[in-house]
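Asker: All chains, full assembly: derive it from the sequences and hints.
The lines below spell out each chain.
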Amino acid sequence: MKILRILTICMLAGALGRGQVVDLKHLDRLAAKASETADVTLDGSLLKLAAKFLSADEPDQAKVKKLVAGLKGIYVRTFEFENEGEYTEADVASIRKQLQSPGWSRIVGVRSKKDSENAEVYLKTDGPDGGLAIICANPKELTVVSIVGKIDLDELSELGGSLGVPKIDLEKPKALNKKDHD
Amino acid sequence: MALRRTEPSEDFVDRVLARVNQPPPPEPTWWERLAVLLRPPRLQWVAACIILSVMIPAGVQYRKEQRMRAEGEKAKEQLMFAVRVAGNRLHRVQQKVLEMGRMETRL
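If you read the protein sequences in the order shown, they are chains L and V. For the first sequence, the residue numbers in the working numbering are 168 to 349. For the second sequence, the residue numbers in the working numbering are 1143 to 1249.
No lab work stands behind these hints, which were simulated from the structure alone. It is possible that part of the hints are untrue.
[What the hints assert, rightly or not] Taking lysine-lysine and the DSS-like style, the derived pairs with C-alpha atoms no more than 25 Å apart in a straight line are:
(1) L/K317 to V/K1216
(2) V/K1216 to L/K192
(3) L/K215 to V/K1216
(4) V/K1206 to L/K317
(5) L/K215 to V/K1238
(6) V/K1238 to L/K280
(7) V/K1216 to L/K239
(8) L/K317 to L/K215
(9) V/K1238 to L/K239
[Stated by the list, open to error] DEER-style ranges, computed between Cβ atoms:
(10) V/M1245 to L/N250: 55 to 61 Å
(11) V/E1213 to L/S283: 53 to 59 Å
(12) V/E1246 to L/S268: 50 to 56 Å
(13) V/G1201 to L/S283: 42 to 48 Å
(14) L/P295 to V/L1240: 30 to 36 Å
(15) L/K264 to V/M1245: 39 to 45 Å
(16) V/E1246 to L/A198: 35 to 41 Å
(17) V/E1213 to L/G237: 18 to 24 Å
(18) V/E1246 to L/S272: 55 to 61 Å
(19) V/L1240 to L/P269: 28 to 34 Å
(20) L/S283 to V/E1207: 46 to 52 Å
Note that the Cβ used here is the ideal one computed from N, Cα and C, for glycine as well.
Answerer: Written out as structure tokens, the structure is:
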């Protein structure tokens, strides 16, 4: 049992060391408590397929196409809760712990008392892949984004501003659920 | 009723020998062979086989492309959504950092 645990930790550390996916599986159980959930898992092949279908004629799509050209995976988990305290600090700490592995560095950490929102941005710059992780947490909402590959932060932020607040039109994300895809 | 033995006609041997000595019929050319296939009712079978051999793979390919297209469109929607969420959260963080910077400058 101990050996199995050590092996799992080694594999996880190895995967993170190579700029692989941040493990978000433990967040899946929050979906049952959340009033709204969005779960997007786009790994290498699916990401390439998606990029093929982006139109070069549509300005937004063209920008996204350019942005994701060098990426190997995008993983998003968003949970909105009816009440506060539906997720615990341990849920977030588990992600933070993964992002403390070598290669990752926290570039921004914002703690706002006004709207009780904490936001952190982690960047992986060394190694061949690179990566970006964003954790946004407020008492009734938790969003975790993990991107594998080198990405231009300014372009991504610009897109976030220009594409507007993704109306977490949660009917849509539910339809986009990975389970549906499978 | 038992079969009765009958003698062959007198020219039977000559006729058999003449047939044996005849040169073999010429080999049919590829066109003649093809022409045989194009005579009814074989023609209908050949046409049906050709149509099926074209239609079935075309149908399979069409279904495959349709499925691929549906998957691609779905993946595209997911990608657009993921980029929006990621970009928006990053944008919000940047805005907050800028806000804090401005407040510090004022102080």
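Asker: Take the hints in turn and mark each one as holding or not.
Answerer: Taking the hints in turn, this is what the structure says about them:
1. L/K317 to V/K1216: It holds: about 24 Å lies between the C-alpha atoms, which stays within 25 Å.
2. V/K1216 to L/K192: holds (22 Å)
3. L/K215 to V/K1216: holds (13 Å)
4. V/K1206 to L/K317: violated (33 Å)
5. L/K215 to V/K1238: violated (33 Å)
6. V/K1238 to L/K280: Roughly 12 Å separates the two Cα atoms, so the pair holds.
7. V/K1216 to L/K239: Status holds; Cα separation ~18 Å.
8. L/K317 to L/K215: holds (15 Å)
9. V/K1238 to L/K239: Violated. V/K1238 to L/K239 sits at ~29 Å, over the 25 Å cutoff.
10. V/M1245 to L/N250: 55 to 61 Å: violated (31 Å)
11. V/E1213 to L/S283: 53 to 59 Å: violated (40 Å)
12. V/E1246 to L/S268: 50 to 56 Å: Given a distance of about 32 Å, which is not inside 50 to 56 Å, the answer is violated.
13. V/G1201 to L/S283: 42 to 48 Å: violated (58 Å)
14. L/P295 to V/L1240: 30 to 36 Å: holds (32 Å)
15. L/K264 to V/M1245: 39 to 45 Å: Given a distance of about 31 Å, which is not inside 39 to 45 Å, the answer is violated.
16. V/E1246 to L/A198: 35 to 41 Å: holds (39 Å)
17. V/E1213 to L/G237: 18 to 24 Å: holds (22 Å)
18. V/E1246 to L/S272: 55 to 61 Å: violated (23 Å)
19. V/L1240 to L/P269: 28 to 34 Å: holds (30 Å)
20. L/S283 to V/E1207: 46 to 52 Å: At roughly 50 Å between Cβ atoms, V/E1207 and L/S283 fall inside 46 to 52 Å, so the hint holds.
Violated hints for the displayed structure, listed by number in ascending order: 4, 5, 9, 10, 11, 12, 13, 15, 18.
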